[in-house]
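Whole structure, please, built from the sequences with the hints as guidance.
Residues per chain, in single letters:
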Amino acid sequence: VTRRTTPTYLSALAGALLLLAGAVTVAAQQATIPDTPQITDVNPPSAARGSSVEVSLAGQRLDGTRGLMCRYSPFPDLVAPTDRGIKVDLLGSTEGQVRAKLTLPADVPPGLHELRAQTAHGITSPQYFYVSQYPQVGEQEPNNAPGQANRIALPATVAGAIEAGEDQDTFAFTARQGEYLVFEVEGFKRYAPAQDPQNGVVYLDSFLVLRDASGRELAYDDDSARLDARLAYQFKTDGTHYVTIRDNQYRGGGDFKYRLDVGKKPVITAIYPPGGQKGTRMVATVYGYNLDGNGAVEARRSVELSETAGPQEFRLSTGEGVSNALPVVSDAVPDTPETEPNNRVEDGNQVVLPVTCSGKFDSFNDVDAFRFQGQAGQRIVCEIAASRYGSKVDSFLTLRTRGGGLVARDDDGGGMPDARIEATLPESDEYCIFVRNALKTGFGPQYFYRVTLRSLQPRFGVVLRQQGVNRQGQPVMVPVDSITVPQGGSTDFEVSLRRVEGQGGDVALSLNVPPQFRGMKLEQVIKAPRNPAGNPTGPDRVAPDPAVKNGANESTVRITAPPELAPGTYLTLYLKMAGNAAGQPYVVNRPLWLTVAPK
Amino acid sequence: MKRETRSDSMVRAIRILALGALAAMLLPAPSAKAAVVPTAGLTRIAFQPRAAKLSGRGVSQRFMIFGYYADGRVRDVTSLAKVVKTGPGGVTLRGNRLTSTLDGALKLTATVAGRTAAMSVTVQDANTPQEWSFANEIVPIFTKAGCNTGGCHGSPSGRGSFRLSLFGYEPDYDYDQIIKERNGRRVVMTNPEKSLILQKPTMGVPHGGGMRFKAGSEFYNRILDWLRAKAPKQGEFDARLAKIEVFPKEWTLDRPGAAQPMLVLAVRDDGTTQDVTHYARFTSNDDQVAEVDEEGLITAKQQGETSVMVRYLGGVGITRVRIPRDPLPAAAFDNFKPVNYIDELVLQKLKEVRIPASDPASDAEFLRRASIDTCGVTPSPEEARAFLDDRDPNKRQKLVEGLFARPEFVDYWTLKWSDLFRNNQQTKQDKGLQVFYRWIRDSVRDNKPWDQMVREMVMASGSGFRYGPANWYNIEAVGEEYPLFMASATSQAFLGVRMDCARCHNHPFEAWSQMDYYALAAFFARTRVKGGPDQNEKIFYSAPDGEVFHPRRDRARPDAVVPAKLLGGDVVTFASEEDRRERLAAWLTAPENYWFKRSIANRLWNSFFGRGIVNPVDDYRLTNPPSNDRLLDGLADRLVTYKFDLRKLMRDILLSRTYQTTSKPNKLNANDRLYASHALPRRLFAEVLLDAITTATEVPEKLGVYEYGRRAISIPDNRVPNGFLDLFGRPKRETACECERTEDTNVTMVLNLLNGDTINGRITNPNGRVARAVQAKKPPKEIVEEFYLVTVARRPNPQEEAAALKLIASAPNLQSGAEDLMWGLLNTREFLFNH
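Just so you know, the protein sequences line up as chains A and B, in that order. Basically my numbering = 1-based index in the first sequence + 11. Basically my numbering = 1-based index in the second sequence + 22.
Hint data in this document are derived by calculation from the structure and do not stem from the laboratory. Possibly wrong hints are sitting among the right ones.
[As the list claims (entries may be wrong)] Simulated crosslink set (DSSO-like; lysine-lysine; CA at most 30 Å straight-line):
id: 1; chain 1: B; residue 1: K800; chain 2: B; residue 2: K828
id: 2; chain 1: A; residue 1: K247; chain 2: B; residue 2: K420
id: 3; chain 1: A; residue 1: K200; chain 2: B; residue 2: K552
id: 4; chain 1: B; residue 1: K799; chain 2: B; residue 2: K828
id: 5; chain 1: A; residue 1: K247; chain 2: B; residue 2: K470
Written out as structure tokens, the structure reads:
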């Protein structure tokens, strides 16, 4: 099970579904649609912001590329990527390669930016390009041991690779006593598939070791930023020090690229509270390293919460650089922070549904209790949003009656490892929901959660899919956010609904397109019956009024482009899905990129 | 580079052996002489047991009378005693045997040489006809006759389609097997003599197990009477036997040939007692010292100490037996001047067993032994030279402190704990292995108290890829096996108690029942695993539900769930969703826990002395007593005082006179392996030996993906392919058993050292110590000293130096001569052993 599934967070009371184009990108790399354009490599894979760089994208069916799409989100699973101002000058394209010059504005956010090619045959799935905030320096092999270290001037971003299993890269630098430096690795995890059944994890699992001039180990880190290592260290002596990067398991290979930032940039590890009511101003405590460029681990900041419910990007800047991003959540409902002590029923915080409460665990055994009034037969949802926002909590929820009777409990039902309970209340009385950290692995602001208590909200999410193959060559349905239609021709794709909290009924499908593209047509595909060998007994038929019928979750539809749309036409259209939820109309408009290809 | 052939090395071996050993060690010489036993000085006498409660008519029981002497000795004076009875209760008294006749209380008074003692006896239910008890009267016959041993009908598959529970731990099952199985053909109620259950053991019909008892014998008659009474069975038998008591508990036999009977009493849960000596099984732990017959008569064979194990139904007990050595003059212990509590306790024991300690170890012995035991390293020539030449009287203390500060100290103890905690790649995956290794390493480096380390592991939740101690829970077993395996591993690793036997049946050598084991496993019944975000990642956590079930009860029965119970403690009840392991961890690591502190104290002792006070170190049981109880208690209590700071106890050990004793035995202690009278030579274990060869030759080994030059003791992965390490007994880390690491020696190892590339490849390596010494044109005398220092941490004595110089001079050239010398030194026992 991977955490990189389609996000389950649905903004609480919004009528429309938050839709994330980026969500399909990783899955798309594990399986592909044959003969579609693809990028497999970006070279060089990084550059410093404020500079320009010529990049070469390798792949297939890249001829006739009209442009590159550069978009960015620090957490594409939560927030759809957007254009951040990187300027692209196309230099040329062939079947297997695109060359372009990227101009990186000085204020572009550092991090992994996605690159897609708009080719004559459609839009590729993304590859990633790292924008660093420090000037980049290369590594020079051999540099395994301190005696062979490459000397670097700070601040710097080291561009290197762990080329083979026994490779280690060591860099020498000068630090001053009392100086506080941050060492942070970007291991291009998003570059490679999250999992590989044959080979296991096939990207760098970086490990950093910091040593003094005599070679004595001062500090190390393995996984502070998921599989990426991150160290913050205050130096006790002046002079030369060494930082070594290697794979945790001593592996290596061509894909084991890394970028290692060494400098005084701030790092944020947590924000508390992690969110508040939308459209308000929230004063939060930011936790991390070097928050003032001089080792501060805590800072107070005022955060403007967006008018749109959902997570937004938060960073902190100092004169020494800009921090990593963490999500801060805007809520449609009032956000009530927990008040300690609330470990026991009798101390439970009184709340009224619907509500979202922010909380954190203050000790290994901390339990947070919330009391609310419920009605007999009331269907309620109690859900945790923690891990998905970067919290270290593996939440566990227990719903009890006033007398302590167990109503329901859950560990991971909200999408591993966030907990979620859906329950019918047995009587009209007071109830208590207990939130705890199932693993008791730690406490403090990094162990935060948001718990929402509300009634059921029937609704659905959607994934568009086309027939493709997995890495073993077996046919699978592949999530897509871009569709290619030949001029005057048509393409089939599948609409796959995820109905939640009791949503049912027919969902009518139609196209919502700009007026000049009215000739586009969407029809229902009625698959021909299969013979015992599994082959179709005749051609598929089409019918008007496409829909996902009540009781079903999938429907195959056919989109047809009129002949007057010339090859090379790109447009963003919307697939309109009209159903109902709890007796009210429920409509979702799902964006979809469409490319008209030559016949 | 010169290529060594097999015949070359054989020639080399013959040449060197012909010149005599370059470094020889004294071999132990056995000694034995009978002691004289004093006979006067009786100060008081006492009955054993002091009270008896007989239930039923005709129930008989014996007693013993022990005499206590002014010199501290205890003797059996039963045969000298005049015994009279007073009081209303009725018993007949024949010799030392009472037989019940009439309800009531009475008192026995014994007199020996003017000393008196009393015993109270209660008789109850003497008028009630005695009821048969299958469990108490028939099952013990099968045990005594050897029918239900693991090699016979007690094996899991039985024998000849007839299966009994092992040693009769499950009478219900046995009853059904005899009476009901095979349509009851094993018994013939209408003609009991024809029953197979009598025909087979008496060879009335062919029996693969041979004659077990004769027709007409007491066992035969008892079974026959029972069958004639229609083979009755009583209800819940398991609870009947509370314990057994064995008399005497400790015994000194004056000389070889002397004998002493034993008395075994079954104490039932209603307080009644029964003499079951006749039905008990006796086993001597060392037949060379004392043997025991079927009736419990112990006969001394030679001077020494051992114990006799007694088993009856589910109960076990022991008697410790000593045949004292010849008295020694007080001056025999003058060479042993205690410097700390360890020495006091060791000396006290040595005096008791009349074994004098060897002389203090030389500086060289101490340097090498302390370096190996503390850091797993052999000293470099520079270190050896500096230490040997240091005139500071406190240089040994300085050395010890220096060893604690070395990075190899962290490497070495991380390796040891990695073995114990089963940190292997197969179950933990590469990532888990590294993460667990780092946690162990950090814990050792930071000198984390042992109880804290254990608590962190036992209470660990989280991903094995992110949180080191969670890997303690990463084992191969799954499902219902999981809690059982975790219980075995936890008790063996941290309590030194092996519970595995109790998995299938009551522990045959310990009081633990199968239910004790399952009840301990119940603490892990809710420990679960789920996947994490990475490939093969496992997250361990405590679930709100899950139980351990009785292995043979219907799950629907209310008593099918085995409640969690601490070893030797009470049933524990938990709050809803409470992590059961927290209570376990608290109990496990508490200073009051009898086993926990002893187990780790014993492990440390074993590390520094090559033999546990309880040996094997992870087999602490009633029937495997410590060789020096007071010492083990003293070390354990000190560890509690030190708040489980292991380094403090290590320091006490290292600085003790006991540790600083030479391995050269004297005439009287050569056979001693139990009392630390001299250091026990031990073969260097695999990683240390490889590193020692590397240090000597300065040609490192490339181990897997790890950096060239990295010591074998610092490699996290015990499965890095390496034939040498496998051959020399690197453990697989599959179990928590110390026995996985072997320190024995076999022919393949010897051949590897003599002819293999491990040594030959290194001594001929052009970049190695040998080649560089020659290239530097060092004089042969200097080479000899350097090679001696780097292999055996001392300078050669004049004879050795002369022999070595002669060896070099007789070689075709200096290179060849230096190679021969190094080869020879690396193949000496003095190099290969820690002594």
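Structure-based check of all given hints:
Distance check on the hinted pair: K800(B) and K828(B) sit about 16 Å apart at the alpha-carbon level, within 30 Å; holds. Distance restraint check for K247(A) and K420(B): the Cα-Cα separation of roughly 28 Å lies within the 30 Å cut-off, and the hinted pair is therefore satisfied. The hinted pair formed by K200(A) and K552(B) meets the criterion: a straight-line CA distance of about 23 Å does not exceed 30 Å. Using a Cα cut-off of 30 Å, the hinted pair K799(B) and K828(B) holds, with the two alpha carbons roughly 18 Å apart.
As the CA atoms of K247(A) and K470(B) are separated by approximately 24 Å, the hinted pair is consistent with the 30 Å bound.
In this structure, none of the earlier numbered hints is contradicted; all agree with it.
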